[in-house]
Amino acid sequence: SAVISQKPSRDICQRGTSLTIQCQVDSQVTMMFWYRQQPGQSLTLIATANQGSEATYESGFVIDKFPISRPNLTFSTLTVSNMSPEDSSIYLCSVVPEGVGWNTEAFFGQGTRLTVV
Amino acid sequence: SQQGEEDPQALSIQEGENATMNCSYKTSINNLQWYRQNSGRGLVHLILIRSNEREKHSGRLRVTLDTSKKSSSLLITASRAADTASYFCATNAANSGYSTLTFGKGTMLLVSP
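If you're matching them up, the sequences are chains C and P in order. Under the working numbering, the first residue of the first sequence carries the number 1, and numbering increases by one thereafter. Under the working numbering, the first residue of the second sequence carries the number 1001, and numbering increases by one thereafter.
A hint or two may mislead.
[As the list claims (entries may be wrong)] Simulated DEER-style distance windows between Cβ atoms:
no., chain 1, residue 1, chain 2, residue 2, range
1, P, R1041, C, Q51, 21 to 31 Å
2, C, Q14, P, E1055, 50 to 60 Å
3, P, E1055, C, Q41, 24 to 34 Å
4, P, N1022, C, G16, 35 to 45 Å
5, P, S1012, C, G52, 40 to 50 Å
6, P, A1094, C, Q38, 23 to 33 Å
7, C, F75, P, S1112, 17 to 27 Å
8, C, G16, P, R1060, 43 to 53 Å
[What the hints assert, rightly or not] Computed, partial: chain P to chain C, Cβ under 7 Å:
no., residue
9, P1008
10, A1010
11, G1040
12, L1043
13, H1045
Since the hints were derived computationally from the structure, they do not count as laboratory data. Glycine included, every Cβ here is placed at the ideal spot set by N, Cα and C.
In isolation and in its complexed conformation, chain C is listed as follows (with noise of 0.2 Å):
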C-alpha cells in the first residue's frame, strides 16, 4: 500500500497567479500520476511523472501550463500556471506500489480543490 500526504486541500486563486500542489509518498515510488477533475466529471490524466526525466503529458495538457517537477523517489509537485476560472478542478496525484505487477490498485492523495476567481 502507499499513504500520500497531499498539499494544500483547497485554495481559492486570483486569475493569472500560479498554484503548486505538493504530493508526498510514503514509498518510494518510479511513477507518479497526476489528475484533473472537473467539477462533476471524471478523472483526466494530466501527466506522469517519472524521477530523473521529463514528465509525460497527456494530449490536451502542456508542460508550460502545468510544470511537474519529480526531485525523488517519494516527491512531486504539480504547478497550475497563469490561471483561470476554467482551471477550477480539483487535482489529484495518484502511485501505485512498485514490484507488484500489472494488476494492482492505485492510491490516491486527498486530492486539491481549486477555485480560480
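Please build the complex by placing chain P on the supplied structure of chain C, with the hints as guidance.
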C-alpha cells in the same frame, strides 16, 4: 484513448436495498477497477478484477466482468447511508503503460436512511 461509461449517472435508493452500477469500455484491458469518492475528495480503491476473471466478491461488493461485451457491473448489497458517494470504474488498457488508468464518468449513489 478509451473512455469508460457508467450508468446510471445517478442512483437514489433506500437503506437495505441493493445498488447496481454498470460500466462499459472500448478497448482490450489488463484489468478493471472500481473506486469510490466521497464529496470530491481522494479516491478509495474498492476492487480489481483481472481480464481473465468473470466475477469477484469483497464483503458487500460483487463485481462482474464480461470482456466480450466490454462491460462490468458493481453490485453493492444491503446498502447503507454511509455508501453514499460517487463510484468510478477505471480500466488499465492492454496496450498502455502498466499503471495508466482511464476513468469512467462515474455514478453518484445516494442512499437514504
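The hints, checked one at a time:
At about 27 Å, the beta-carbon gap between P/R1041 and C/Q51 stays in the expected band of 21 to 31 Å. For C/Q14 and P/E1055, the hinted distance range of 50 to 60 Å is satisfied, since their beta carbons lie about 51 Å from each other. Between P/E1055 and C/Q41 the beta carbon distance is about 30 Å. The supplied range of 24 to 34 Å therefore holds. Remark: the range hint 35 to 45 Å for P/N1022 to C/G16 is upheld by a beta-carbon distance near 43 Å.
The supplied range of 40 to 50 Å is met by P/S1012 and C/G52, whose beta-carbon atoms lie about 48 Å from each other. Between P/A1094 and C/Q38 the CB atoms are about 27 Å apart, so this pair conforms to the stated range of 23 to 33 Å. In this structure the supplied range 17 to 27 Å is violated for C/F75 paired with P/S1112, their Cβ-Cβ distance being about 42 Å. Between C/G16 and P/R1060 the C-beta distance comes to about 48 Å, which sits within the given range of 43 to 53 Å.
Violation of the interface hint for P/P1008 is found here, the shortest Cβ-Cβ separation to chain C being roughly 15 Å, above the 7 Å cut-off. For P/A1010, the interface hint is violated, the least distance from its beta-carbon to any beta-carbon of chain C being 11 Å, above 7 Å. The beta carbon of P/G1040 comes within 6 Å of a beta carbon in chain C, closer than 7 Å, and the hint placing it at the interface holds. Using the Cβ-Cβ criterion of 7 Å, the hint placing P/L1043 at the interface with chain C is satisfied: the shortest such distance is roughly 4 Å.
Satisfaction of the interface hint for P/H1045 is found here, the shortest Cβ-Cβ separation to chain C being roughly 4 Å, below the 7 Å cut-off.
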